[in-house]
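Protein chains: 2
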Amino acid sequence: MKRYLFILLFLCLQVRAEDGYKLWMSYSKIEDPKTLNFYKPRLQAIVWEDKDLEVAVEEVKLAIPKLLGITPKKGGKNGLILKVNPHINITNPEGYKVSVSGQSITIEAPRSVGVLYGVFHLLRCIQTGQEPAGEFSPKIQHRMLNHWDNNNGTIERGYAGMSLWKWYELPERLDPRYKDYARANASLGINATVINNVNASARFLSSEYLVKVKALADVFRPYGIKVYLSVNFASPRILGKLPDADPLKPEVQKWWKEKADEIYSLIPDFGGFLVKANSEGEPGPMDYGRTHVDGANMLAKALKPHGGMVFWRAFVYAPDPKGDRFKAAYEEFKPYDGQFDDNVIIQVKNGPIDFMPREPISPLFTAMEKTPLAMEFQVTQEYLGWATHWVYLASMFEECLKTDTRVKNRKTTLSEILQGKTFGYRHTAITGVANTGSDRNWTGHPMGQANWYALGRLAWDPDLGAKEIAQEWISQTLSRDSKTGSDIQSMMLSTREIYVNYTSPFGLHHVMGEGHHFGPEPWVEKAPRPDWTALYYHKADEKGIGFDRTNTGSNALAQYPKEFSAPFSSLETCPEEFLLWFHHVPWDRKLKNGDIFWEAFVKKFYQGVKEVEGLQRDWEKVKGKVPQETFENVSARLKTQHKEAIWWRDACVLYFQTFSKKALPAGLKAPERTLEEVKKIVDVYHIR
Amino acid sequence: MKRYLFILLFLCLQVRAEDGYKLWMSYSKIEDPKTLNFYKPRLQAIVWEDKDLEVAVEEVKLAIPKLLGITPKKGGKNGLILKVNPHINITNPEGYKVSVSGQSITIEAPRSVGVLYGVFHLLRCIQTGQEPAGEFSPKIQHRMLNHWDNNNGTIERGYAGMSLWKWYELPERLDPRYKDYARANASLGINATVINNVNASARFLSSEYLVKVKALADVFRPYGIKVYLSVNFASPRILGKLPDADPLKPEVQKWWKEKADEIYSLIPDFGGFLVKANSEGEPGPMDYGRTHVDGANMLAKALKPHGGMVFWRAFVYAPDPKGDRFKAAYEEFKPYDGQFDDNVIIQVKNGPIDFMPREPISPLFTAMEKTPLAMEFQVTQEYLGWATHWVYLASMFEECLKTDTRVKNRKTTLSEILQGKTFGYRHTAITGVANTGSDRNWTGHPMGQANWYALGRLAWDPDLGAKEIAQEWISQTLSRDSKTGSDIQSMMLSTREIYVNYTSPFGLHHVMGEGHHFGPEPWVEKAPRPDWTALYYHKADEKGIGFDRTNTGSNALAQYPKEFSAPFSSLETCPEEFLLWFHHVPWDRKLKNGDIFWEAFVKKFYQGVKEVEGLQRDWEKVKGKVPQETFENVSARLKTQHKEAIWWRDACVLYFQTFSKKALPAGLKAPERTLEEVKKIVDVYHIR
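Chains as they are written, first to last, in UniProt numbering: chain Y, 1 to 688; chain U, 1 to 688.
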């Protein structure tokens, strides 16, 4: 019998530990004696009274037996004390305080969700070998995921299966996964989710669907997560059968007001609307000669009585072959600064183009002094290798958040601006376009889980570092062995620059496959829009490569504070990783290391491929030290990544060589295929 | 420690047993003493020598400890003896013999896959409390799944997530699920899989994708499963850059020949091609003035040297508003009988239209004497309630297979024809359009697993009954308690007729939502094609309803043997469940039970709804007797089914009442909504 039990136990652990479903909440057993000594005596009991603390208590009951091998009793004087205390003095109503005294740990917060956050903090501390104590408050109010999920279950730019939301089963069936989704987000402090694509179907606003949305909201509510909807601006026409959706028409305003009333009657804590208007063919107020302000404020007024918010996206650009898409958002939105209602946030992508592997910050963040801006990061790897390339995005998020904008001519990080410190924002928000899907492990690439994790942690505290977040995540997932942990951490921290090296060195951008955004296609000269080609961006010719955005070119740099743009404006002082963003760089320009640009450029692609090989070697070393299924999964994906890194290298080097007409740097082996052969690969992916 | 083990064991069993991933291969512990007494002594050891038996042995090693609580030793004289014996005398090379003697059970087969089938037979016997013995051979050669999976991961008419095949991970990463898919199929005897949609992308024939296909084939091979591809007939143009794909042009023939050579160099046991040509906009030989024979035989010649097959679909119909789609396949294919090459099979859907909840058999099955025909069933519930309605399809498959076609003016079941007995087919095949997807439980609806199971079992032996298959399946999944088992079996066997009652009584057909095929939309009068409307089929007017296919109408009945069609030809003798398939039935026509047609028709819809309520009540009774997660999952889906049954009832009754202009039968409560209100529901599902 005992032997049989062990077999089962073994099978059970195997199944449970390895498929990635449990994310950073697998709560595997703590081995460190110091941690056990500290926590075991203090977690023999759970003490609570408030009924709202049910999910927090449930999490403790799930986690502690697994982590510490003990089953906390209920009640008593000592142990884990959970308390909702509306009178507690704290920076943010969602914050919490943790204190340790004698045989007890007390988590206290003005709201039950704060206690839940405190519990997750405690569980994180147990797993990272830290002692919990202090006051913790989120630095950002709205910590949000954007799901680009369609009503047919597909996910735009999703690489991990179908939508998590099973629309045809809702509202009757609640997939158990909805709750695990909420737990995962709450564990990070994410408190808002936009459940449908910004290219929005009006279907979601129908009464038929709102009861489905309500069912999700009911699951998420105990975890402090508000539901938002992306809305189709033409809904009054599509659903309401009005002749149009002109925001200045009373009947249109009435339709939205009544729709808002209907939503709030079902979902009293509904978050609000996210809107992509007059962008990439989506309807918007400009269809009727109105403005973003007219559109956003109309929606804001419908939501206002209920406390709802409008997130209005600044991702807009006009298809002008001679223009500079870089400048579009600023040009369209800057004039409206100060004109938006007080429950409107303008949601801005981190860079001026579109989630490239490396972008300079969007100038809007430095320019909108009277309008709160939300940061939109992309967690799904649309331009960063989908779910087969290992890219730890926290490095990129951190680079962006820690950028010194020089606003007010002093050190002003973008993080500070987002926290509202610089311009006194009424609302603060950080959002991420989710990388989740119905794949068993949620994110396709096992290491993609770390990007969801990092987005959540940075939304709570944008001053955290990619390095510490990686360590936290590793301790809760792959290994608590310090050597293994630091090896994996080093790999993670290297991945983003490696990806940049073999796809977009020196600020090369927008040279990926047209439409699907898979693989390299720097030769794209025709697309449904001129600003969807590659040539629009890299402007390679026999002299050089890159987009001159200085005052001799599009002068996009003028949109930044002068103190920020100054170094970028000159070829001499421009940080080399941003060169092609701002300059048309001559092929034979000498760089700091003495190489001419062409040679340095080519070397980066080769370096990137070599670095992937290094990743492969380093990953082999953790074999046996991380769950086997994860090990194999990552190993296999690294093979794909290596194959595709060579593809990128060959495509870019061979293609740009047709302009530079220069030989490869000495010592580099020429690609084993011709440009024509490389071009054929991406052709396959254009076949419908 | 022991307590901790028990907790873990409990969690472990919960996780393992309930999410449905393991299908009918969860191998839960046998409790029946008689079964244990018989098998335990005989399964103390496994004896084998042949290396090809690795996967069969692996399955035994996985299953026996779970089923019987013993771990078989390797080798010895007694125990489970597995043998490949090429000289064994057996009906079919894929068959096997099982014999019991003393303390041994011997499974012997001419090929290793036969031994594997024998092992799965043994495991099924253990779980159904039977003793294994005898000779077992499949009655059908090609036992096949058709996956309508697209290259972007979506599944046409799929309701259980994304495609199982992760094209962007292949060939480097092999999802562990591929192997479990192969195991599940092998356990049923399925030996062929067409992995991509019949609306085929040429992409799959590119060299880039063929190595991915090869990777899948390598996983499936040990399980006796051959891979097939659906091919786009225009591939020589799309991929090969030829000016066209005219099958009579030598360069087109050469392209296909070389492509076949390329495929077989990668996949030596590649199965062949499935082709949807000149159907619903797909390219085909008729684009160049050629025929189905020209097209099919050209492909057949390319595959012939390698032993590959062409499955050429007869699902063709021309958009003629005055025509009868019923007759199209026969009219197009009958003239070619005898002209196809000997490695071509014509694949025919079970009915003449398109997988309706109840169809008469396709007349082609009775008419093609010199051409082997494959049966195409649909396992995914495109027209049968997607993944939210519980419909056990084996009832429908059985009804079809046991239909007495009266071919040769004697009792000739369709099953016999498919087995090749009637016309002496060179090849025999039964295929099913798969209902599998990436959902954790594979099929969305937990009870949908039984449909995959049944398709496989019937493809092996089309003379099996829905009832016995249900019992087998239940014993291996939900319960081995005989009362619970027979309760669930009764429910399963009732479900198909219930679905017919509330959606398509008396042979009503093609009245579902236009395009998406969701919910009722009997009022559809405009669609991209006239034969995609509902009015084309039901032809309701003030006199009556139904499509006259007798000699006063389209005379489609003339396509059947006279002895078969005779009873259908007269309103007096036509089986009532097929009335509207063949007659325009007056609303006030008296039926056998004395009701006029209108009243009987309406009563069926009401009855269907009541029956769903009955299912709900009956399902409640198995609470605690089946895995809890499955119980809740099915309960919730039954709620949805009930809601939608009422929707169907209200839609059809209110709409057809506008023609009959008659009151509802006494005692029936009128729908609580108006026709306009019901129409709005399906409108929502048309919003993009």
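Hints listed in this document are in silico derivations from the structure and should not be mistaken for laboratory results. A portion of the hints provided could be inaccurate.
Below 27 Å or equal to it, Euclidean Cα-Cα: the simulated BS3-like pairs (lysine-lysine) are [unchecked claim]: (1) LYS179/U with LYS625/Y; (2) LYS680/U with LYS249/Y; (3) LYS679/Y with LYS257/U; (4) LYS639/U with LYS639/Y; (5) LYS179/Y with LYS22/U; (6) LYS241/Y with LYS526/U; (7) LYS680/Y with LYS249/U; (8) LYS179/Y with LYS610/U; (9) LYS639/U with LYS179/Y; (10) LYS610/Y with LYS212/U; (11) LYS623/Y with LYS179/U; (12) LYS179/U with LYS212/Y; (13) LYS214/Y with LYS643/U; (14) LYS212/Y with LYS257/U; (15) LYS241/Y with LYS680/U; (16) LYS66/Y with LYS639/U; (17) LYS610/U with LYS212/Y; (18) LYS179/U with LYS639/Y; (19) LYS679/Y with LYS214/U; (20) LYS643/Y with LYS212/U; (21) LYS643/U with LYS212/Y.
Cβ pair distances, simulated, as ranges [claimed, not checked]: (22) ASP180/U with THR91/Y: 49 to 57 Å; (23) LEU591/Y with GLU156/U: 23 to 31 Å; (24) GLU572/U with ARG177/Y: 36 to 44 Å; (25) ALA527/U with GLU632/Y: 28 to 36 Å; (26) ARG177/Y with GLU613/U: 53 to 61 Å; (27) GLY76/Y with ASN152/U: 53 to 61 Å; (28) GLU632/U with ASN89/Y: 40 to 48 Å.
Stretch by stretch, here's where chain Y covers chain U in the computed footprint (C-beta under 8 Å, at least three residues) [what the hints assert, rightly or not]: (29) 203-210; (30) 265-277.
No residue lacks a Cβ here, since even glycine has one placed at the ideal position from N, Cα and C.
Results for each hint:
Between the alpha carbons of LYS179/U and LYS625/Y the distance comes to roughly 25 Å, so the proposed pair stays at or under 27 Å and holds. The suggested pairing of LYS680/U with LYS249/Y holds, with an alpha-carbon distance near 25 Å, which does not exceed 27 Å. Distance check on the hinted pair: LYS679/Y and LYS257/U sit about 25 Å apart at the alpha-carbon level, within 27 Å; holds. Between LYS639/U and LYS639/Y, the direct Cα distance comes to roughly 46 Å. Violation of the 27 Å bound is thereby established for this hinted pair.
A distance of roughly 23 Å separates the Cα atoms of LYS179/Y and LYS22/U; the hinted pair therefore holds under the 27 Å criterion. Between the alpha carbons of LYS241/Y and LYS526/U the distance comes to roughly 20 Å, so the proposed pair stays at or under 27 Å and holds. For the given pair, LYS680/Y sits about 25 Å from LYS249/U by alpha-carbon distance, which is consistent with the 27 Å threshold. Under the criterion of a C-alpha separation no larger than 27 Å, the hint pairing LYS179/Y with LYS610/U is inconsistent with the structure, at around 33 Å.
Taking the CA atoms of LYS639/U and LYS179/Y, the gap is about 21 Å. The hint holds against a cut of 27 Å. The suggested pairing of LYS610/Y with LYS212/U holds, with an alpha-carbon distance near 25 Å, which does not exceed 27 Å. Taking the CA atoms of LYS623/Y and LYS179/U, the gap is about 23 Å. The hint holds against a cut of 27 Å. Between LYS179/U and LYS212/Y the CA atoms are separated by roughly 36 Å; this puts the pair beyond 27 Å, and the hint is violated.
For the hint linking LYS214/Y to LYS643/U, the alpha-carbon distance of about 17 Å falls within 27 Å, and the restraint holds. The straight-line distance between the Cα atoms of LYS212/Y and LYS257/U is roughly 52 Å, outside the 27 Å bound, and the hint therefore fails. A distance of roughly 12 Å separates the Cα atoms of LYS241/Y and LYS680/U; the hinted pair therefore holds under the 27 Å criterion. Proximity of LYS66/Y to LYS639/U is assessed by CA-CA distance (about 36 Å); at most 27 Å being required, the pair is judged violated.
Taking the CA atoms of LYS610/U and LYS212/Y, the gap is near 25 Å; set against the 27 Å cutoff, the hint holds. For the hint linking LYS179/U to LYS639/Y, the alpha-carbon distance of about 21 Å falls within 27 Å, and the restraint holds. Distance restraint check for LYS679/Y and LYS214/U: the Cα-Cα separation of roughly 23 Å lies within the 27 Å cut-off, and the hinted pair is therefore satisfied. Of the pairs offered as hints, the one joining LYS643/Y and LYS212/U holds, with about 14 Å between alpha carbons and a cut-off of 27 Å not exceeded.
With a CA separation close to 14 Å, the supplied pair LYS643/U and LYS212/Y stays within the 27 Å bound. Between ASP180/U and THR91/Y the Cβ separation comes to about 51 Å, which falls inside the hinted range of 49 to 57 Å. The given range of 23 to 31 Å is broken by LEU591/Y and GLU156/U, whose C-beta atoms sit roughly 52 Å from each other. The hinted range of 36 to 44 Å is not satisfied by GLU572/U and ARG177/Y, whose Cβ atoms lie roughly 55 Å apart.
One distance hint, 28 to 36 Å for the beta-carbon pair ALA527/U and GLU632/Y, is violated here, with the actual separation near 48 Å. Between ARG177/Y and GLU613/U the beta carbon distance is about 29 Å. The supplied range of 53 to 61 Å is therefore violated. Between GLY76/Y and ASN152/U the C-beta distance comes to about 57 Å, which sits within the given range of 53 to 61 Å. In this structure the supplied range 40 to 48 Å holds for GLU632/U paired with ASN89/Y, their Cβ-Cβ distance being about 44 Å.
With a cut-off of 8 Å between beta carbons, the segment 203-210 of chain U has 4 residues touching chain Y; three or more are needed, and the interface restraint holds. Using a Cβ-Cβ cut-off of 8 Å, 0 residues of the segment 265-277 of chain U lie near chain Y, which falls short of the minimum of three, so the contact claim is violated.
Checked against the numbered hints given earlier, this structure breaks hints 4, 8, 12, 14, 16, 23, 24, 25, 26 and 30; the rest are met.
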